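**Q** Residues per chain are reported as follows:
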Amino acid sequence: MTNPKILGDDASLPPASTKGGWLNDLNRARTSGPFLAAHPAPGAGLSTTAVHAGTHDDPRTGAVGTPIYQASTFVLNEGQYRSVEDGFARDRFIYSRYGNPSQWAVQEKLAALEGAESAIVFSSGMAAITSTVLALMDKGAHVVASSDLYGGTFNLFNQEFPTLGMSCTMVDSYDFDAIEAAIQPNTQMLYFEAITNPLLKVIDIPRLAEIAKRRNVRLVVDATFAPPVAMRTLDHGVDVVIHSASKYLNGHSDLIAGVAAGQRKLIDMIWPRLLNYGGSLDPHACFLLERGLKTLAVRMRAHEESALALAEFLESHPRVQKVFYPFLTSHPDYDTASRLLKNGTGNVTFFIEGGDKAALRLVDALKIPKQATSLGGVESLISLPFNTSQATFTARQRADIGIDPGCVRLSVGIEDAADLIADFDQALTAIYPAKDTAHA
Amino acid sequence: MRNAIPTAALSEFVNEVAAAPEEAIMDYGLEVKWQSGTRAISETKPMKVGPHQVSRSFSWTSDEPRQLMGNNHGPNPQELLLSGLGSCMMVSFIAGATAEGIQLESVRIDFDATLDLRGFMGLATNSTVGFPEIRYQIHVTGDATAEEFAELHRKSVAHSPNAQTILNPVQLTGDIISTRIEN
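Protein sequence lines correspond, in order, to chains A and B. Counting in our numbering, the first sequence runs from 1 upward without gaps. Counting in our numbering, the second sequence runs from 1 upward without gaps.
Every clue listed holds true.
Some chain A residues judged to face chain B by a derived CB distance under 8 Å, without partners named: (1) Gly-21; (2) Val-84; (3) Asp-86.
Just so you know, the hints here were simulated from the structure itself, not pulled from any lab data. In this text the structure is predicted, and so the values were computed from the model without any measurement. We put the beta carbon where it would ideally sit given N, CA and C, even for glycine.
Here chain A stands alone, though its shape is the one from the complex (with noise of 0.2 Å):
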């Protein structure tokens, strides 16, 4: 009657029956995906796997590269009204809201990438983080998370969660005795970035993974500002790692997405969360995420290569006061960074003379990096924290967090080191009026 071919992962099918049987006899056990095709290790390294894991050249004209799957919607046959029934409509293709090959090419990409079972791209890192928050937590569960979490991440924890009955406990992520202690019967989650914005804290993840699990808890990581090439938070015990795509991964700062990724059992549990929160991502920014991707290593070298040069003019220059980089030896986490970071970012955080007024002049006075918040893009991108990401807190609040007057927030393309010093070089000595002689 209808097409009897597999539109979705082939390997994905229904348990057997078991008329006259039991749940015992039930025969199908999870596997990792989906995956859109026969899917082969394209190599051991990182940047051979972000070239080629999940991508797929189209099979009927031999088109190099996933095309872009610009449908909402898929021709149904018999396989894909069984895997509704059946409960594994993950594995079939039937709206684009619930998969596309667009989604499962970059996912699949994302999962190799992190070492991951399982991954979910959705319409933006926040899309993600409500999704996997909101299915690893019940009705009146509480979750232990950083006193410096992304703003965005605070709102949702802040305003969102007593509406739902569930609550958060914030602690100093460098406190790993008030983080056990802040864990309750009704704790169902410890949730922290990898590296917190603005001081990058680097955080000793493989420490909260065995408090998780001693205690019984899951542990989730955004790890934004530590794409993978930078660190595989997964290798480090974590359960579920949550980025905004729309920085690093994706890298060009030209789209919005985020990606949830993990074990296959957990993934299947945010999957419909995707369905009913609606986050999904469009095929065309897929296709952009999916290209971005690809460059992913030979990006991260060069973040690193231009922002460790940048930092290092930027600690040596007299009119600045402090810098954070976490492959500086002067960072507070240069060993945490040593240890967990295989490759450095681009993300340098640093304090000048003359307070938030020397720092407004000092954005204007670049040439180079564009005054913008988020990060991880091929252009450097520099924001002030009290005019921006934490522009609703007070002076003395910014102070308590660590962020004192004159901070700036940089994201470090890959633009050349020497043209990035020549432009902090040349922007440090206009803004600061010549007779004021500098004083180290």
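Starting from the known structure of chain A, arrange chain B on it as the hints suggest.
**A** Same frame as chain A, now just chain B:
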């Protein structure tokens, strides 16, 4: 999804547990707090599903009818026992039907049980303190034959934890921690 249960996920869980038995260990807890007279509040404690803590934020009131010195503010303990039994048999029946591919339209279990309170009161009698018998009828509509439903009934009772707890001897191990107050 058949009977609103994802068969694939059920199958995957069964196969996961076969390889990792610790995932099948469920730790439950409940606290009953006396409120007034025969009225008490039951509150679920967080449970563990395999090695993972799960919040269980539920509570309910139990009471006796006025004729039994209560205020009739909630189901009584016998009704809650039948509820625990029946809802467990229901899960077992639905899961078993789903695994077999039986589409259900409606399922209702109708319970009746008679208790002789002379046992509770300590009056000399041959009657048991508890229920000597619990009677029920399962009313089901779905796409299976009468024989298939009869077999499903048998298997669902045989695999229902609460039915098996009632049918078999169980250790009831209790302590009392008391504080004397001077009047």
